[in-house]
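Undergrad: So the sequence shown is residues 185 to 368, counted in the numbering used here.
Rather than coming from a laboratory, the hints here were simulated on the basis of the structure.
Treat each hint with caution, since some may be false.
Claimed, not checked - Straight line, CA to CA, 20 angstroms or less: simulated DMTMM-like cross-link-like pairs of lysine to aspartate or glutamate:
(1) K290 <-> E302
(2) K290 <-> E223
(3) K290 <-> D335
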Amino acid sequence: MTLYGVANYLHVLGAIGLGAVIALEWLVVLRLRSTDTVEQARAWSSFTAVQQWAGPASMGSLLIAGLYMAATRWGGQGWIIVALIALLLIAGLGAMNGIPLRRVEKTLAEQTGHLSPEVQRQLRNPLFILSLHARACIILGVVWLMVEKPDLLAAAIILSAAVLVGIVSALPAYRRSQPTAEAV
């Protein structure tokens, strides 16, 4: 086994881990959006503890191993540059969910009974869904980049299309979470 083979293994493990973390987050966000009580919300939000260590560990493995492989075999090819940008997007979009969810968890620690309207509003924030859809589609786009290894322009188009598909796929959930004229 070569050092490159170990790096490739760690890179794939990081990608699998990142996908698993996003899948877990998707489940947690969907369940939190449908909870009525503080106790239910606390139970579901407890799963974010796994994400808080597994997400950075997966991202670190993916990034460090990927940078090693790029430096030793691939160089600065277009698809690698775009994949690195994609990882930064995934991290930023993850923070877009993680930071507000941690704030809600702190609020939940101080409450009991039914969720307050303010906490319900926070949990039903449509940006949570947008972030999840975008990250899932970005991951699919990066897999395409890794398989096809296109030049910089084609890679940028693929990543842009992945982000766009993620945003468009989240629109129905975004629209459902907006108050109607009758509710206002």
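Undergrad: Which numbered hints are broken by the structure, listed smallest first?
TA: 3
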